[in-house]
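Enquirer: As a plain string of letters, each chain reads:
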Amino acid sequence: MGGGIMSNILLAGKPNSGKTSLFNLLTGLNQKVGNFSGVTTEIKKGTYHQRQIVDIPGLQSLNTTSPEELISRRQLLEAANQQRELIFVVNGMQLFDSLLLFSQIADLQIPLLVAINFADEIKSNGLNIDQKILSEKLGCPVVMLNSRTGEGLPQLKKFIDEGNFQTPNTFCRSLYDDFRTGDYQNHYQQQIDAAADHQEWEKDYNQRKQLIDRILKDCVTYPSQSNYMVQSQRWDKILLHPFWGLLIFLLTLYLVFQSVFFLSGYPMDWIEAGMDALATFCQEKIGIEWLATLFAEAIIPGLAGVVVFIPQIAILFFLIGLLEQIGYLSRISFISDAFLRKFGLSGHSVIPLLSSWACAIPAIMSARIIKNPRERLAIILASPLMTCSARLPVYTILITVLIPETSDQFFGIQGLLLLGLYLLGLIATLLVSWLIHRYSSVPANNSWVLELPVFRPPVWRSIFITVYNKTKSFVVQAGKIIFAISIILWLLGSYSPHDEDFLQQKQQETGKLEDAVLMEYSYLGYAGRTIEPVIRPLGYDWQIGIALLSSFAAREVFVGTIAIIYSIGDENADDEEKQNATIVERLRQEKDEQGNPRYGWATSISLLLFYVFAMQCMSTLAIVHKETRNWKYVIAQFVFMLFLAYAAAFVAYTLLS
Amino acid sequence: MERENYRITAINGSDEFKSFLLGYNIAVGTIFSVNYSPPLFKLVSINVSDKTLSLRKQDFNQIVWEVVS
Numbered sequence: 001m002g003g004g005i006m007s008n009i010l011l012a013g014k015p016n017s018g019k020t021s022l023f024n025l026l027t028g029l030n031q032k033v034g035n036f037s038g039v040t041t042e043i044k045k046g047t048y049h050q051r052q053i054v055d056i057p058g059l060q061s062l063n064t065t066s067p068e069e070l071i072s073r074r075q076l077l078e079a080a081n082q083q084r085e086l087i088f089v090v091n092g093m094q095l096f097d098s099l100l101l102f103s104q105i106a107d108l109q110i111p112l113l114v115a116i117n118f119a120d121e122i123k124s125n126g127l128n129i130d131q132k133i134l135s136e137k138l139g140c141p142v143v144m145l146n147s148r149t150g151e152g153l154p155q156l157k158k159f160i161d162e163g164n165f166q167t168p169n170t171f172c173r174s175l176y177d178d179f180r181t182g183d184y185q186n187h188y189q190q191q192i193d194a195a196a197d198h199q200e201w202e203k204d205y206n207q208r209k210q211l212i213d214r215i216l217k218d219c220v221t222y223p224s225q226s227n228y229m230v231q232s233q234r235w236d237k238i239l240l241h242p243f244w245g246l247l248i249f250l251l252t253l254y255l256v257f258q259s260v261f262f263l264s265g266y267p268m269d270w271i272e273a274g275m276d277a278l279a280t281f282c283q284e285k286i287g288i289e290w291l292a293t294l295f296a297e298a299i300i301p302g303l304a305g306v307v308v309f310i311p312q313i314a315i316l317f318f319l320i321g322l323l324e325q326i327g328y329l330s331r332i333s334f335i336s337d338a339f340l341r342k343f344g345l346s347g348h349s350v351i352p353l354l355s356s357w358a359c360a361i362p363a364i365m366s367a368r369i370i371k372n373p374r375e376r377l378a379i380i381l382a383s384p385l386m387t388c389s390a391r392l393p394v395y396t397i398l399i400t401v402l403i404p405e406t407s408d409q410f411f412g413i414q415g416l417l418l419l420g421l422y423l424l425g426l427i428a429t430l431l432v433s434w435l436i437h438r439y440s441s442v443p444a445n446n447s448w449v450l451e452l453p454v455f456r457p458p459v460w461r462s463i464f465i466t467v468y469n470k471t472k473s474f475v476v477q478a479g480k481i482i483f484a485i486s487i488i489l490w491l492l493g494s495y496s497p498h499d500e501d502f503l504q505q506k507q508q509e510t511g512k513l514e515d516a517v518l519m520e521y522s523y524l525g526y527a528g529r530t531i532e533p534v535i536r537p538l539g540y541d542w543q544i545g546i547a548l549l550s551s552f553a554a555r556e557v558f559v560g561t562i563a564i565i566y567s568i569g570d571e572n573a574d575d576e577e578k579q580n581a582t583i584v585e586r587l588r589q590e591k592d593e594q595g596n597p598r599y600g601w602a603t604s605i606s607l608l609l610f611y612v613f614a615m616q617c618m619s620t621l622a623i624v625h626k627e628t629r630n631w632k633y634v635i636a637q638f639v640f641m642l643f644l645a646y647a648a649a650f651v652a653y654t655l656l657s
Numbered sequence: 001m002e003r004e005n006y007r008i009t010a011i012n013g014s015d016e017f018k019s020f021l022l023g024y025n026i027a028v029g030t031i032f033s034v035n036y037s038p039p040l041f042k043l044v045s046i047n048v049s050d051k052t053l054s055l056r057k058q059d060f061n062q063i064v065w066e067v068v069s
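Keeping their order, the protein sequence lines are chains A and B.
Using this note's numbering, read the first sequence as starting at 1 and increasing by one per residue.
Using this note's numbering, read the second sequence as starting at 1 and increasing by one per residue.
Straight-line C-alpha distance at most 20 Å; calculated SDA-like pairs for lysine to any residue:
#, chain 1, residue 1, chain 2, residue 2
1, A, Lys203, B, Ile11
2, A, Lys591, A, Glu532
3, B, Lys57, A, Ser447
4, B, Lys42, A, Ile238
5, A, Lys506, A, Tyr526
6, A, Lys237, A, Leu323
To be clear, the hints were calculated from the coordinates, so they are not data collected in a lab.
Extracted from the complex, chain A is given alone in its bound form (with noise of 0.2 Å):
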């Protein structure tokens, strides 16, 4: 094995250009790529043959101001004066746009190659690029790429192995000081650390532009009549009309969602009988007594709350990234712009919401992306109380409880139910960003341009390993909870303050079963009771009370908490029915002291709408303060989250019970 790592490449280009896809390829790691501007707000690293690779966010410009793109023209500016080299990624088909900003990057007299991207789209559109004039008239090696299929790639590799970096002395010079003289000095650096005013801005890009007309005059063929963004265009004629667009939008929502609980009945019903098969076969075959029923009542049923909803995680994602790749996104953010702006936020709002399906940690830094720094903050603020994934578990099982499956046919009410609860996260969220519109004093600034990428086949493997990512880092993150959890949570339920004798003469008294006298006056149901004061007026019992505390730390552990605490309270239930129960079952049995179900349609609705608006996602409040660098709007977060939580429930509860 060789040493440590050499130096890095920065790589670099305009937004949707295929950097990501091409970091992919380098450095084999799995970075999420989409069909839309905005996809990197942060900086990726990876290595390719002991060589530090950089992905930065794609940027329009280096006069900007968008917090992502200032990362990035912060690495060039860095890159210049260490003389670090560079990839410049062009999509090929927009050759004249990305050529601006290559020449803008070039006068940081960076050593750098091109790499030109979407070679298949050059090809079948009848663009012809002269390689050899265009890599002399730049001034450095130029490689024909396609980065969905790794065409051109052994290329690309020799390049960088072989160190084949130029730096393109021979461009801007008419930018330089001096130029006449030889003397010249580069004082391009400077006037970007200054921010030039607009005119020396408008200046400037004249004489690139005229420039680059020059050079494309030389180098390019296009063809007679351009089919490019044509047949996108066509689509979009359907897609963006104000009936049918709006239309197909809400079809397609409504389908995701559908897809998300049929598709996924059977697989989840294979998981749940898989966990109960491995929980008996433990509680067989682990001679320990104590450590069986450790793994039998607490860690088997605590991940099986977490790993059941994989499917629906899943297929939620596939879809999404389905949508994202093929450039539908931009659409949603095209037909939801009108809409938006009502609330003070734009188009671009929607991939940060929509990200917030996921995790609102990266829809949070995905934010990066708007340009409105008032409308940035309503994001940060506001999308955490859009449908994250690791709601859906809690979502699914107390619908489920609620609505019991009655037919195979796809459309159902479940979905509807489901559907509901996402646009309910959706209209607090687009209230809270009104109010932040209406009333902070953040500045803000109400421009906005959007760009429609044109229509492209998925990348199948990427999906998949979004998928993955998204599906592993869900398991993983509240696995690693649950599991901790579990063990507290039994110990805890498994012991108590008080000795033998007095659990029997309650239980002679009380005429319950011995575990559930155990559990009642356990460590646990002693923590449990000190706060149903809190929480009876939402309808919750103390067991409740313990899932929804240990759900502060992270919201997913709450069917895994309360099949642990269910499973433990269960341990000598007398009938095998109750004993052999799935989560679900379990919770439809489960009765409260007036004998009526424990999860009724009032505690359910009003644990639904607790669910809905608190924060209990402790890694997103850190990403807050990471973001606006302001613990006053933490703190606000997660007070007016808990308030309105609160409140919900409460109306909810009385109103239905």
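Fit chain B to the supplied structure of chain A, relying on the hints for placement.
Expert: Just chain B now, kept in the frame of chain A:
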């Protein structure tokens, strides 16, 4: 069907707004064509140098243009 092309002759508004558009290569002298402008969405979709960009109608109205073909 051949679309009409337009050349930008002036852009009204603040320098900040003009710089914002410049980031997307929308400046005086830029040639563009209009794709569609659905009234409900209050957006104008234009083609600029092999890209489809959508601008808000209020922003698009700041652009002064002339027909070139």
